[in-house]
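Just so you know, the sequences run in chain order C and R.
Using my numbering, the first residue of the first sequence is number 1, and each one after it goes up by one.
Using my numbering, the first residue of the second sequence is number 1001, and each one after it goes up by one.
Because the hints were derived from the structure by calculation, they are not lab data.
Treat the hints with care, as some may be off.
Claimed, not checked - Here are the simulated lysine-lysine pairs, PhoX-like style, with alpha carbons at most 20 Å apart:
no.: 1; chain 1: R; residue 1: Lys1440; chain 2: C; residue 2: Lys55
no.: 2; chain 1: C; residue 1: Lys194; chain 2: R; residue 2: Lys1253
no.: 3; chain 1: C; residue 1: Lys167; chain 2: C; residue 2: Lys128
no.: 4; chain 1: C; residue 1: Lys167; chain 2: R; residue 2: Lys1164
no.: 5; chain 1: C; residue 1: Lys35; chain 2: R; residue 2: Lys1368
no.: 6; chain 1: R; residue 1: Lys1082; chain 2: C; residue 2: Lys194
no.: 7; chain 1: R; residue 1: Lys1368; chain 2: R; residue 2: Lys1395
no.: 8; chain 1: R; residue 1: Lys1323; chain 2: R; residue 2: Lys1440
no.: 9; chain 1: C; residue 1: Lys40; chain 2: R; residue 2: Lys1440
no.: 10; chain 1: R; residue 1: Lys1265; chain 2: C; residue 2: Lys194
no.: 11; chain 1: R; residue 1: Lys1323; chain 2: C; residue 2: Lys55
Bear in mind the structure is a predicted one, so any value in this text is a computation, not a measurement.
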Amino acid sequence: MAKFTTLTSRMMPMPIDNIDTDQIIPARFLKTISKEGLDKQLFNDWRYDASGNPKPDFILNAPLWQGVQILLAGDNFGCGSSREHAPWALTQWGFRAVISTSFADIFKSNALKNGLVPIVVSRDLHAKLFDMVAKDPQAQVSVDLASQTLSLPDGTKVEFPVDAFSKHCLLEGVDELGYILQQTPAIEAYEATKEVELNTLQPV
Amino acid sequence: MSTPRTIIEKLWDSHVVAERPGAPSLIYIDLHLVHEVTSPQAFSGLRERGLKVRRPQNTFATTDHSTPTTPRSLPIVDPIAKAQVEQLETNCREFGIPIFGFRSPKQGIVHVIGPENGLTQPGMTVVCGDSHTATHGAFGALAFGIGTSEVEMVLATQCLLQRKSKTYEVRVDGALKPGVSAKDIILALIARIGVGGGTGCVFEYRGSAISSLSMEERMTVCNMSIEGGARAGLVAPDDATYQFLAGRAFVPKGAGWDAAIQRWKELPTDEGATYDHTISIDANALEPMITFGTNPGMGIPVSGIVPDPAAISDPLERDSLTKALQYMDLQPGKPLAGQPINVVFVGSCTNSRMSDLRAAASVMKGRKVNPKVRMMVVPGSMEIKRQAEAEGLDKVFREAGADWREAGCSMCIAMNGDQLQPGEYSVSTSNRNFEGRQGKGGRTFLASPLTAAASAITGVVTDIRTLQN
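All chains, please: the whole structure from these sequences, using the hints.
In structure tokens, the structure reads:
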């Protein structure tokens, strides 16, 4: 997994609650058997008109917001489907972090496995960040994962929560599957104690 | 005496493989269900690393999401969908995983075929790369959806790294009135707590109204746990559970069955166990529910009115509701009943089982689908299709003018060509009303099979209790 240590970026505001993964990438693009090229379909149905042309009033299409790496979104971001295509599409477009007041469980788990950091902030700070971006779209914030801090242009530093293990994996680029494979002896021992329960699936 | 535990804690405790300081628990997975959409990249990962599937005998695959519901004798027209379905079959062959493939008589929606074949059993941990995996919780299993990276981890190790969820008791007591069904219980819950209300939690549904539900109805309730934000939701096993499972293909037989029942009887929540959260719902007071907006939390009784954004103080919440009503092209303060519709869909992992089809058929019998409405009925599995045909339900639907299809996810997720046209309204028995979920620009009202069938007859959103004979 790609490492994540620090990040300084402007924030693309998307002040909508409950942005579901069907909006992040619609289901009809999930017929692919690879992970590639999903950035083209990020927010597809908000981004393109019926003829497939970019809608100029959708923020992702605005020249001002190209190259931004932080998405500032409404509450409960990433609800709905478990599709990991959502964080794949977001990271392929260039996002490395999403700031919201909360994230859906499966999305958060998927994001953390793809170097996309979900940053939960208080409602007050959330409102303040939207105000800040409305006044100055060039305003930048900095994320320091090691200290779990978000630094604002006025010098304020705010702590944000991150699961300790996920943080370790992101900072060190730890491969979670590799980590589990190291515990194969424990898995074998577990299987040995549960032989009856684990073999109820054989049709007799 | 040991501390009383909930069924959620018992399931967790019995599946902890290892715990290391600073890391999540390593949890064992008893049943891994696989489908064509969220698995190809996981199998590619295994190949790149040179890994095998650790327990192919605890892994089962089927094809459902991008699978056409046209007659199985026809080829898959969409070349991309065809490649994906074939890739699953290739992957299963290569890695030795049993599969109920595209032309198998046992093919069906992954959350329908698991219970149907007795693959889903009490006390298990069940995962699938699909957020509606909580369906299997109806059997007293800890069942939850995972992403593709996790699919790869389970294929390779049969384990996942997980943090323990909070426990959330959903008590539903009383008796449902005529016209009110399991779907209305779950839609009412989500309307109350919102789509993020259960985030970080596992629901345990209990109480007299839950105990009196059939296994199929319990599956409908558990299925939509994720729409309330909970990754899993379950019902403790009881006699109804054992009766449903007895004799199914993959359950233990003979002495193995008796031993299994003894183990399963230990699962229900102990007297005196406590939960992190509790909510109580009065089943007697429930009405048929329907959604009006663009997430499953935007639900009202079918006799109710569309809420007004002006009444909401939080600006983001207000804007979200305004945006939803714009997308749905609905006026606040107006009743939803009477709203003209274009399509009715009966199907999906939420409501495509025999009792759902029987409920819809009971309304359709001797009646005609309104000429302005296209109605599609999609059984959850090929086994259900055969059983429904043996009961003559297909005839009822066809004679009413509905389209009777082959098994699959179909218009719930609109990946297979079954979809709404832009601007069309549907009453759908599925689980999600997100923008474009049933086709780009399509507008979805989620409801029960009874409400869907009644609306198909009249051509407008209809309260089943008002449908005249």
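Evaluation of the provided hints:
1. Of the pairs offered as hints, the one joining lysine 1440 (chain R) and lysine 55 (chain C) holds, with about 15 Å between alpha carbons and a cut-off of 20 Å not exceeded.
2. Proximity of lysine 194 (chain C) to lysine 1253 (chain R) is assessed by CA-CA distance (about 18 Å); at most 20 Å being required, the pair is judged to hold.
3. Note on lysine 167 (chain C) and lysine 128 (chain C): the hinted pairing is violated, with a Cα-Cα distance of about 26 Å set against a maximum of 20 Å.
4. Taking the CA atoms of lysine 167 (chain C) and lysine 1164 (chain R), the gap is near 18 Å; set against the 20 Å cutoff, the hint holds.
5. In summary, the hint linking lysine 35 (chain C) to lysine 1368 (chain R) is not supported, as the alpha carbons are separated by about 46 Å, beyond the 20 Å threshold.
6. Between lysine 1082 (chain R) and lysine 194 (chain C), the direct Cα distance comes to roughly 39 Å. Violation of the 20 Å bound is thereby established for this hinted pair.
7. Distance hint between lysine 1368 (chain R) and lysine 1395 (chain R) is fulfilled; the C-alpha atoms sit about 12 Å from each other, no more than 20 Å.
8. A distance of roughly 16 Å separates the Cα atoms of lysine 1323 (chain R) and lysine 1440 (chain R); the hinted pair therefore holds under the 20 Å criterion.
9. A hinted pair counts as satisfied when its Cα atoms are at most 20 Å apart, and lysine 40 (chain C) with lysine 1440 (chain R) qualifies at roughly 17 Å.
10. A distance of roughly 17 Å separates the Cα atoms of lysine 1265 (chain R) and lysine 194 (chain C); the hinted pair therefore holds under the 20 Å criterion.
11. At most 20 Å may separate the alpha-carbon atoms for a hinted pair to count; lysine 1323 (chain R) and lysine 55 (chain C) meet this at roughly 17 Å.
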